[in-house]
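Sequence lines, in order, name chains F and R. Following the numbering used here, the numbering of the first sequence begins with 1 at its first residue and continues without gaps. Following the numbering used here, the numbering of the second sequence begins with 1 at its first residue and continues without gaps.
Treat the hints as calculated values from the structure; they're not laboratory data. As the structure is a prediction and not an experimental result, all values here were calculated from the model. The C-beta atom is built at its ideal place from N, Cα and C for all residues, glycine as well. Just so you know, not all the hints are guaranteed correct.
[Unchecked claim] Derived pair list, reagent style DSS-like, types lysine-lysine, alpha-carbon separation capped at 30 Å: (1) R:LYS240 with F:LYS83; (2) R:LYS716 with R:LYS356; (3) R:LYS759 with R:LYS546; (4) R:LYS506 with R:LYS393; (5) F:LYS31 with R:LYS356; (6) F:LYS84 with R:LYS457; (7) R:LYS240 with R:LYS87; (8) F:LYS83 with R:LYS453; (9) F:LYS83 with R:LYS356; (10) R:LYS478 with F:LYS31; (11) F:LYS83 with R:LYS393; (12) R:LYS325 with R:LYS315; (13) R:LYS454 with R:LYS745; (14) R:LYS93 with F:LYS84; (15) F:LYS83 with R:LYS546; (16) R:LYS825 with R:LYS794; (17) R:LYS478 with R:LYS18.
[Unchecked claim] Which residues of chain F face chain R? A partial, calculated answer using Cβ under 8 Å: (18) ARG45; (19) ALA78; (20) LYS108.
[As the list claims (entries may be wrong)] Label-pair ranges, simulated between beta-carbon atoms: (21) R:SER85 with F:LEU94: 56 to 64 Å; (22) R:PRO270 with F:LEU94: 37 to 45 Å; (23) R:PRO398 with F:LEU94: 35 to 43 Å; (24) R:ALA510 with F:ARG58: 53 to 61 Å.
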Amino acid sequence: MSVAISTSTTIAWFYACNVNDVPNNGGVCVKYDEVQIALFRFARRDAWYATQNLCPHRQQMALSRGMTGTHDGEPKVACPFHKKTFSLEDGRCLSDDTECSLTTYPVKVEGDRVYIGIMQEA
Amino acid sequence: MKIVIIGNGMVSYKFCEKIISRIPAGTAEIVVFGEEPRPAYDRVHLSEFFAGKTADDLLMAPADWYAANNITLHLGDPVQQIDRSNKTVHSYKGITEAYDYLIIATGSSAFVPPIPGVDKKGVFIYRTIEDLELMRDYAPRARRGVVIGGGLLGLEAAKAMLDLGIADTHVIEFAPRLMPRQIDESGSRILEQQLNQLGLVIHTNKNTSEVLGGDTITGLQFADETHLDADMLVISAGIKPRDELAKLSGLETGHRGGIVVNEYMQTTDPEIYAIGECALYSGMIYGLVAPGYEMAEVVATHIYNSLAAAPVPEKTFTGFDMSTKLKLIGVDVASFGDPFAPADTCRSIVFEDTMKGVYKRISITNDGKHLLGGILIGDADAYNMLLQTAKNKVILPPNPEDVLLGARGGSQETGAGVLGLPEDAIICSCESISKGDICSAVEAGNETLDAIKKCTKAATCCGGCTPMVKDLITGTMKAQGKYIRNVICEHFAYSRQELYDLIRIKNIRAFDDALDHYGAGDGCEVCKPVVASIMASLWNDMILDKGNDTVQDSNDRFLANIQKGGTYSVVPRIPGGEITPAKLLVIAQVALKYNLYTKITGGQRIDLFGAHLDDLPNIWEELIDAGFESGHAYGKALRTVKSCVGSTWCRFGLHDSVTFAIQIEERYRGLRAPHKLKSAVSGCIRECAEAQSKDFGIIATEKGWNLYVCGNGGSKPQHAILLASDLDSETCIRYIDRFLMFYIKTADPLTRTATWLNKLDGGITYLRNVVVNDSLGIAAELEAEMQGLVDRYKCEWREVVESPELRKRFSHFVNAPGTKDPTVKFDNLREQKKAAEWK
Ligand code: SRM
Ligand SMILES: Cc1cc2nc3c(=O)[nH]c(=O)nc-3n(C[C@H](O)[C@H](O)[C@H](O)COP(=O)(O)OP(=O)(O)OC[C@H]3O[C@@H](n4cnc5c(N)ncnc54)[C@H](O)[C@@H]3O)c2cc1C
Ligand code: SF4
Ligand code: FES
């Protein structure tokens, strides 16, 4: 899948895991140094998304264990703790309180290898 | 033309809303002066401030609403003078404003009786957000709180003190009973009992003579020579209408306060109106919000008609029903109509259950035809319905007690419900919306609660009418011949029952297939667990197979309950609560090895908390080796079958309840259902296993077993109902098979058996016919289906432990298996650990 990226920032891609390490229509947690990233695979539409693993609601490292789905076609994940849902496209909270949102990361797949992109400051 | 409004409280706001919706924009200039620093807020729900609502949450409308509607709002600027001859008002900040019409909506303030010492530190009133902020800041210092006044507001204030953490809170009432204006002696007694259970101490017949202490309150002295230590006091002894401005400008006021108005809400100066809690109509102050809104409506119409070329029918204020329902306190209290109708003009029906703390009294006309009023304590679910029945003079059913007691476990025969009300019955009293208004809105296509709220404003204020509005929506739609479908979500346009049948007929075993055949899109957190649960109920396949792992609720996906901090709990099955010392040892060893917190649960087994995701398969491997199996504490599945000790040891035991409980738990273990299932077996009617609070419960009798169904603990406890008596063990199990399969096939998602029965047409009579008399001719089929599930049972943790592929999924980091989540933190607690507090 391709991701639209503005040309002024550079992205460092790191290898996260293989395609088959991630369950169909589910997520896993990827360790990137001290950072935890939730990686999601939408097998039905062959789409990949990545966000912070930390749920901003009660600061729980849990989003990778959340349930994925869509609302009006927009991909989302529901936190296993209190079922707050977040858009996987832009990380905004889709439940009642709109203040907390997630950091999202670009994902690319080459062959059966999955890479997550980290923005590098210029 | 210019309209000036003094006061910006709830009624002032409502008047603004009504007048701008009526007169064309630009016809009138509207200026509002408010004394408080913020725009009008919802005073009725003021106490929710202590439950986490912010001042902004409580606003009726933000300041920019006024600006957007061309209303000039001066906040923090009380009007100090009305100059009637020049028709101007003068404000504290020096603004002079001319008016054509002047509306006084100054509300009331708390009445503080002239007791010596009320000015001490630690003494509060309960009226504005600022009052509550002061209380909140002071409360941490207080150990004992007292409220003077056992009326509606006083009790609300007392509850607020409890919520602020003052566990020792007392209520002082001058009269011999609580809420003297709304309820009677017996009602007060029951209420007192209930309040005691909440932790409030009630003193009636107490006349406070002095507030004791130096600068700061230390106690209260009473006229009967007794006293009470206290370090915080809230005075809630009634309200005092804010009529000082009116008095000053020569308008007539009542001698006990209030601005005298006529039926158009005009004061003695016809260009000046008074509305809300400051208005005195026919000798009465209306201290509730609904009559205030009605007054706002009357004035808006009156002013509109004085301007309009085409006047609308005029409205007058003719008094208002003072029915009320106490909220928030944790005990239902309501009074409606005329609760104190004199004995010679009516008959009363009283229902009292001191055990449950329920008291209900209604007065009906001597001919038994009409409801006059009543009091409900401990259970006020019927309040709205009874209020409308009284107000609209609906003819009562032949046994009037039915309206009080409802359908008592039998078939539903309580009159025609809300659909039987006349068209002009007011359903939403806050906004004066009639049944006719709502039904025509539904007919015009507004078929959801949200749509009705938007287009009629019903159910937008106190929300008390919401259940009736919902019933009207479904009722009207049914009357139009529309089939109401309880569809699951945007991805599946079927009810659970329809989907259950489709999945069964098509032999669907994977969520993706269900989506391909009957759904759309990708699914979501609502439909995925529903479909997963249906498939589990039908096939009893391993739930993590066939790509179904990610459609399980998070707890089911990891076969454990997720805890604060992201660790999991481990609950092995201990059927009937019986366990050998050797197995206890294994639990202890496992807990020590993996550093788990252990606790005996309320379900007669042992929970091990604080397991890392990566450790789960290893922990279970050791437990399974010792002969344990999954307890399904994570699933919408059978939980525990509790048991008392029974005839093997107990001198009263009639049969061996432990053996029967184990047999039952092993039969239905792993059975997945729309919601969790709990059971219990008691060896005699002393009922030590609490079987009557379970989804299905069994009690030994001289001749066999009594089977009870559809009980529930939880937040809305409900006793189970006797389904059949004196059964032999085999018949008892056959009936349970039928009952459970029938529930599994027909219940909505996440509906416990109690709620399912409450909604089942025909109630327990119907259920008994299906289960015992096989009225649908499906008993054999239900039993066969259950036997199939029983035969296919496997412990899912054993399957995980034995499969390297499945074990792999229990790791926190996909790219660093074996590394535990470093953010997990524990604290110490009584020689064990607990999850670190979250933010
Ligand atoms: C562990 C236990 C408390 C304890 O330490 O005693 C417990 C713990 C939880 N209960 Fe319970 N309940 C426990 C006995 C009960 C009981 C008593 C009983 O079963 O005899 C009840 C009332 C009886 C009933 O259900 O009718 C009970 C009524 C609830 C409810 C309310 C159900 C309802 O219909 O209203 C919930 C919420 C729900 O299921 O939606 C709930 C939910 C929960 C959850 C699962 C909340 C959650 O989703 O995380 C708790 C899991 C804690 C955890 O992290 O593991 N728990 N819970 C008890 C486990 C018993 C067991 O051995 O399996
Ligand atoms: C804790 C609590 C719980 C309640 N619960 C319920 C309930 O459950 N059900 C129910 O129906 N009612 C309830 N009430 C009563 C309800 O809040 C009042 O009936 C309603 O607020 C009255 O509205 P109002 O606009 O007449 O007065 P208010 O809301 O009091 O507004 C009057 C405003 O005018 C201002 N004002 C006064 N003098 C001047 C002046 N000279 N110049 C400018 N401004 C001035 C005041 O500061 C105030 O802001 C409750 C009240 C409280 C305090
Ligand atoms: S009562 Fe509430 S807090 Fe206690 S275990 Fe049950 S769900 Fe958790
Ligand atoms: S922690 Fe995620 S929703 Fe509460």
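Hints and how they fare:
Simply put, LYS240 of chain R and LYS83 of chain F have alpha-carbon atoms about 47 Å apart, too far for the 30 Å limit, and the pair is violated. This hinted pair checks out: LYS716 of chain R and LYS356 of chain R have alpha carbons roughly 13 Å apart, not beyond 30 Å. Distance restraint check for LYS759 of chain R and LYS546 of chain R: the Cα-Cα separation of roughly 35 Å exceeds the 30 Å cut-off, and the hinted pair is therefore not satisfied. Straight-line distance between C-alpha atoms of LYS506 of chain R and LYS393 of chain R comes to about 54 Å, which puts the hinted pair past the 30 Å bound.
Simply put, LYS31 of chain F and LYS356 of chain R have alpha-carbon atoms about 55 Å apart, too far for the 30 Å limit, and the pair is violated. Of the supplied pair hints, the one linking LYS84 of chain F and LYS457 of chain R holds, its CA atoms being roughly 28 Å apart against a limit of 30 Å. For the suggested pair LYS240 of chain R and LYS87 of chain R, the alpha carbons sit about 27 Å apart, so the restraint of at most 30 Å is met. Restraint check for LYS83 of chain F and LYS453 of chain R: the C-alpha separation of about 26 Å stays at or below 30 Å, so the hint holds.
The hinted pair formed by LYS83 of chain F and LYS356 of chain R fails the criterion: a straight-line CA distance of about 35 Å is larger than 30 Å. Restraint check for LYS478 of chain R and LYS31 of chain F: not satisfied, since their Cα atoms lie roughly 55 Å apart, outside the 30 Å limit. Among the hinted pairs, LYS83 of chain F with LYS393 of chain R is inconsistent with the structure: their alpha-carbon atoms are about 46 Å apart, more than 30 Å. Annotation: proposed proximity of LYS325 of chain R to LYS315 of chain R holds, straight-line Cα distance about 27 Å (limit 30 Å).
About 36 Å separates the Cα atoms of LYS454 of chain R and LYS745 of chain R, which puts this hinted pair outside 30 Å; it is violated. The hinted pair formed by LYS93 of chain R and LYS84 of chain F fails the criterion: a straight-line CA distance of about 47 Å is larger than 30 Å. Taken as a hint, the LYS83 of chain F and LYS546 of chain R pair is honoured in the structure, with Cα atoms around 25 Å apart against an allowance of 30 Å. Between LYS825 of chain R and LYS794 of chain R, the direct Cα distance comes to roughly 35 Å. Violation of the 30 Å bound is thereby established for this hinted pair.
Distance hint between LYS478 of chain R and LYS18 of chain R is unfulfilled; the C-alpha atoms sit about 33 Å from each other, more than 30 Å. Satisfaction of the interface hint for ARG45 of chain F is found here, the shortest Cβ-Cβ separation to chain R being roughly 7 Å, below the 8 Å cut-off. Taken as an interface hint, ALA78 of chain F checks out: its beta carbon lies about 4 Å from the nearest beta carbon of chain R, inside 8 Å. The closest approach between the C-beta of LYS108 of chain F and any C-beta of chain R is roughly 16 Å, which is over the 8 Å cut-off, so the hint fails.
Between SER85 of chain R and LEU94 of chain F, the C-beta spacing of about 60 Å keeps the proposed range 56 to 64 Å intact. The hinted window of 37 to 45 Å between PRO270 of chain R and LEU94 of chain F is violated, with their beta carbons roughly 54 Å apart. The hint said 35 to 43 Å for the Cβ distance between PRO398 of chain R and LEU94 of chain F, and at roughly 52 Å that hint is violated. Take ALA510 of chain R and ARG58 of chain F: their Cβ atoms lie about 33 Å apart, and the range 53 to 61 Å is violated.
Comparing the model with each numbered hint stated earlier shows that hints 1, 3, 4, 5, 9, 10, 11, 13, 14, 16, 17, 20, 22, 23 and 24 do not hold.
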